[in-house]
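*Asks:* Sequence:
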Amino acid sequence: MLKKALLSAVALTVLAGSAMAQDVKVLRIGLDGSENEADQIRSTQCVADGLKAATGVPEVQIFPSPDYNGVIQGLLGGTIDIASMGASSYAAIAIKDPNAVSPILTYTQSDGSSGYYSIMVARKDSGIKTLADLKGKKLGFADPDSTSGYLVPNVALPKEIGMPVKDYFSETGFGGGHENLVLAVLDKKFDAGTTFGSGVGKWEEGYTGGNLHQMVGKGILDMDDIVQIWKSPLIPNGPLMVSNKLPQAMRDKIEAFFLDLPKKDHDCFKFYTQGDNKDYIKVDASFYQTIIDARKSVIGG
Numbered sequence: 133m134l135k136k137a138l139l140s141a142v143a144l145t146v147l148a149g150s151a152m153a154q155d156v157k158v159l160r161i162g163l164d165g166s167e168n169e170a171d172q173i174r175s176t177q178c179v180a181d182g183l184k185a186a187t188g189v190p191e192v193q194i195f196p197s198p199d200y201n202g203v204i205q206g207l208l209g210g211t212i213d214i215a216s217m218g219a220s221s222y223a224a225i226a227i228k229d230p231n232a233v234s235p236i237l238t239y240t241q242s243d244g245s246s247g248y249y250s251i252m253v254a255r256k257d258s259g260i261k262t263l264a265d266l267k268g269k270k271l272g273f274a275d276p277d278s279t280s281g282y283l284v285p286n287v288a289l290p291k292e293i294g295m296p297v298k299d300y301f302s303e304t305g306f307g308g309g310h311e312n313l314v315l316a317v318l319d320k321k322f323d324a325g326t327t328f329g330s331g332v333g334k335w336e337e338g339y340t341g342g343n344l345h346q347m348v349g350k351g352i353l354d355m356d357d358i359v360q361i362w363k364s365p366l367i368p369n370g371p372l373m374v375s376n377k378l379p380q381a382m383r384d385k386i387e388a389f390f391l392d393l394p395k396k397d398h399d400c401f402k403f404y405t406q407g408d409n410k411d412y413i414k415v416d417a418s419f420y421q422t423i424i425d426a427r428k429s430v431i432g433g
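Just so you know, the numbering used here puts 348 at position 216 of the sequence shown, and the rest follows in order with no gaps.
Because the hints were derived from the structure by calculation, they are not lab data. Some hints here could point you the wrong way.
Listed next, the in silico DSS-like pairs over lysine-lysine satisfying Cα-Cα at most 27 Å (straight line) [what the hints assert, rightly or not]:
# : residue 1 : residue 2
1 : K321      : K385
2 : K267      : K291
3 : K363      : K377
4 : K291      : K396
5 : K157      : K363
6 : K298      : K261
7 : K270      : K363
Across the chosen pairs, the derived CB separations fall in these ranges [stated by the list, open to error]:
#  : residue 1 : residue 2 : range
8  : K321      : N231      : 39 to 45 Å
9  : L366      : Q205      : 27 to 33 Å
10 : G210      : K291      : 34 to 40 Å
Just so it is clear, the structure is predicted and the values come from calculations on it, not from any experiment. Glycine is no exception: its CB is placed at the ideal position from the N, C-alpha and C atoms.
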């Protein structure tokens, strides 16, 4: 009798978890505005379609934001359920509310590495080739919540230039996302700007992944028009985050879908992760502790 009761309790627990997962009527994917809205939606649609089939949720919605902070606030407030963002964006959430989201997965590059680089570029015809050439000139950042486009340069650059960023450059500003930042450099609004890339592969292809690679693929950037001025230390790839307001059974289904995505639909995986990437691997909050500490020191809580 005891064995039968125990089995019944297990069965009820499984059924309850399944029922809670089915109670979720809509999943909402946030997009951070790192590239133009239409392209981000197009790259995410295959994920939305796949999630709907894999989870049984009646509707999966895509919510583009003009900037990173819109998605950060959505994840904190529970109006966004899923997002892939840089480590600094996750750090912003973890500092504000460590229980709001869980970083569950990150992607690996084509060479198997799980990191990327902040890359500073300038126009080739500007004559700027080194950090020394940039002293007293105007530097552009991608977004205040970008890891590669703001946080890491503000941590790493002072060690190389021997002074705070604000003292070395005549002016700094924001481009409004990575794509817009590179376009602003090309339009001479900034003398140089910080974006991101895998750092592996061919320069003329914008490396194998990242913003430069995406822009080359879309035909809006010729790498012959820019030069690389600086490359940061390796940055951990940003997490796929899931809201902890979702039932655990639903979070498990979401994780299983994304883990399987590189095998089931590698093109969709590459579109969504913005490059010729290899796989998803499991991560947790400890993977991003150095970025959380860096954000606290540079930006605060």
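*Asks:* All hints, please: hold or fail.
*Replies:* Now the hints, each set against the structure:
1. K321 to K385: violated (45 Å)
2. K267 to K291: holds (15 Å)
3. K363 to K377: violated (38 Å)
4. K291 to K396: violated (44 Å)
5. K157 to K363: violated (44 Å)
6. K298 to K261: holds (20 Å)
7. K270 to K363: holds (18 Å)
8. K321 to N231: 39 to 45 Å: holds (40 Å)
9. L366 to Q205: 27 to 33 Å: The hinted range 27 to 33 Å holds for L366 and Q205, with Cβ atoms some 29 Å apart.
10. G210 to K291: 34 to 40 Å: holds (39 Å)
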